[in-house]
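> Residue strings, one per chain:
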Amino acid sequence: MLLVPCPNCGPRSSQDLTYGGESHSRPDPKTATPEEWRTYLYLRDNPSGWLVETWYCSSGCRRWFKLERHTLTGELRDPILPGSKTGVASDEATNIQGGTK
Amino acid sequence: MANAKYSAAGLFIRGARKKTWPRVWREAEPKKAYDVVIVGGGVHGLATAYYLASNHGITNVAVVDKAYLGSGGSGRNTAIVRSNYLTPEGVAFYDRSLDLYNTMSTDLNLNVMFSERGHMTLAHTDSALRTMNWRAEVNKLQGIDSSVIGPQEVKREAPSLDVSANTRYPILGALYHPPGGTIRHDAVVWAYARAADSYGVDLIQKCEVLDITCEGGEGSESDSADGKGAGGKVTGVKTNLGDISAPIVVNCTAGWASTISDMAGVKLPITTHPLQAAVTEPVKTFLPTVVVSGSLHVYVSQTDRGELVFGASVDPVATYDMRGTLAFTEELAGHVLELMPGISKMRLLRQWAGLCDMTPDYSPVMGHTQVGGYLVDVGWGTYGFKAGPVSGEQMAEAIATESMPELIAPFTLSRFTEGTLVGEKGAAAVGH
Ligand SMILES: Cc1cc2nc3c(=O)[nH]c(=O)nc-3n(C[C@H](O)[C@H](O)[C@H](O)COP(=O)(O)OP(=O)(O)OC[C@H]3O[C@@H](n4cnc5c(N)ncnc54)[C@H](O)[C@@H]3O)c2cc1C
Ligand SMILES: [Zn+2]
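Those protein sequences? They're chains F and S, same order as listed.
The numbering of the first sequence is the numbering used here, which starts it at 11 and goes up by one.
The numbering of the second sequence is the numbering used here, which starts it at 1131 and goes up by one.
Among the clues, some could well be false.
Stated by the list, open to error - Below, simulated BS3-like cross-link-like pairs (lysine-lysine); rule was C-alpha separation at most 27 Å, straight line:
#, chain 1, residue 1, chain 2, residue 2
1, S, LYS1196, S, LYS1336
2, S, LYS1196, S, LYS1162
3, S, LYS1475, S, LYS1414
4, S, LYS1397, F, LYS76
5, S, LYS1397, F, LYS40
Stated by the list, open to error - Anything over 12 Å on all C-beta distances counts as not near chain S; from chain F, calculated:
#, residue
6, ASN18
7, LYS40
8, ARG48
9, ASP88
10, PRO92
As the list claims (entries may be wrong) - What follows is a set of in silico ranges between Cβ atoms, one per label pair, in the way DEER data are often shown:
#, chain 1, residue 1, chain 2, residue 2, range
11, F, GLN25, S, GLU1345, 45 to 53 Å
12, S, SER1544, F, HIS34, 45 to 53 Å
13, F, LEU51, S, PRO1152, 26 to 34 Å
Just so you know, these hints were derived from the structure itself, not from any lab.
Please read all numbers here as calculations on a predicted model, not as lab measurements.
Each residue gets a CB set at the ideal place from its N, CA and C atoms; glycine is no exception.
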C-alpha cells in the first residue's frame, strides 16, 4: 500500500486520495498553438525514477498538492501545496521513506 | 539452421527412444551491426522479426531483451483474444490478428492452443447496454460475429453467473462474441522465437539497451547537442553487451516504452500502470466462455487445467513496480463473488502484475516517428497480446516499405499533435 503524505492531513492510504498524474506546466490557452496544447494534454515524460506529480486529497482536506515519487521504489518526498515555495508539511509527513508497505 | 519440425510421429519416436529435445532457438552473441535492431523480446518484437524475415527477406535482424524472452507482458497476460472493438479502425486491425492466430499453429508448427470459446462482456447499466449495442452494430458492419444477448441467454452460455435482479449490479445483457477466446501466451512467444531463429534472426537475452545513438537531430531535452529528437537519424544502440550499429531501431518494450523512447528524444503519450491478475486452484470445468464485467472491473476465464484466471483494470497510480497488492485481491474477490456467488470456497493460488503502457485513447502508437529509423510499436496497454501477430506483420511492412500500411495508418504518433485520436475506451478499459 502506498502511504501518501498530504501536507495537511499527514500520511494516508493512496486509496483515500485521487491520483492526478504527472505535473507539468500548462501553456497559456490564449496564446498556445493547437499543437502546443495537445502536447500538454497528451505527451508525458513517464520516467522510471523520480517524478513530480499531483494528488487530490479527495476524502480529506480536499486540496490538490504536489509531491515527488520514485516510480520504481515507491519512495515519496517533498509534498507541497500549490502556491508555497517549500514543503509546508509537518515533519512526520515529509520524507517518508519506502512509501510502499 | 532450420529447426526440426514438430509432429505427432516425432513426439512418439522421441518418447519411445527417450531422446532429448533440441534447443528451440540459438543463444546468440550480438554482432557489431544489424540492418534492424528490435528492442523488446515479447510477442510484438518477436513477431516483427519473424515477419521481417518471412515476408520481406530481411534477416540481418537482432531482437534484444534485458531479461528473458516473454518476461514482460507477453508472459504475464490473461491470454484473451477478440476483435469486437468500438472503432472501425480497431475492429479491422484486431480482426486481422485473429485471422493470423487462427492459422498460427500450422503456420509456425507449434500448437498455441487457441480455444475459441466465446467472449461475453456483461452490461449492468443502461449506458453500458447502449455501448454494447453500438459496438455490436459497428462489428456486424465489418462482418464480425458479435451481438447483444439478454440475461437468459447469458445464463445459458455461463450457468454459474447470477442473473437475478436482486444483485447490486444486475446483469441486463451482454455483448456476445463467439470467435473470441484464449490462446497459450508462452506458446506464442516460443513459436515466433523459434520461427524467427530459423531464418537466422539473432535473439539476444540479458541484453539491456542503455542508449540509442542518433545524429543530426535538434537535440534532446537534457542535451541539445546529442543529435537526438526531431530531424535526427538513428545510428545504433548501446547495450550492456557492447555497442551495436543499426540504421533502424524498433521500440517494442510496452510498459518500458517511454524509457526507450526517451533515448531517441521522442516523447510518447504514454503512462505506465501495473495491471494485476490472479489464478485459483484448479477445479472441474464449469465456465465455458470468457466473462468480462466493466462495471465490476473484473474478468474471468477458466484454463484448460481448470484454474480460474482473473484480471481487472489497471492500478490507478502510475509505477514501474510489479509487486501485487492486497487491495487488488480484496476488491477482486468481492466483485467476482457478486457475479458468481458459487465459487466463494475456491482458493487463490497466485497473483502477479505486469506493466501496461496506457495511451489517452486506448489505441496503440505505431510506425515511424520524427527521428529517422526509429520506429515504435507501443501503447499496448492491457490489450496487446491479441494484437501481436498483426502488429508484427504490419510493422515489418512499415520497415520494409518505409511507409505506413493502411491497417495501422490511424495509429501514428502524430495523431496526438494533430488531434485525430482513435477512442477505444468503450471497448478496451477493462475487457482485454
Ligand atoms: C496482467 C495482464 C493481463 C493482460 N491480459 C491481456 C489479455 O487478456 N489480452 C491481451 O490482448 N492483452 C493482455 N495484456 C496486455 C499484453 O500482455 C501486452 O500488451 C503485451 O504482452 C505487450 O507485448 P510486447 O511484446 O509489446 O511487450 P512485452 O511482452 O511487455 O515485452 C517488452 C520487453 O521489453 C524488454 N525491455 C524493457 N526495457 C528494455 C531495455 N532497456 N533493453 C532491452 N529490453 C528491454 C522487457 O524485458 C520485456 O521483455 C495483459 C497485460 C497484463 C500485465
Ligand atoms: Zn489532505
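> Checking against the hints above, which ones are violated?
8, 12 and 13
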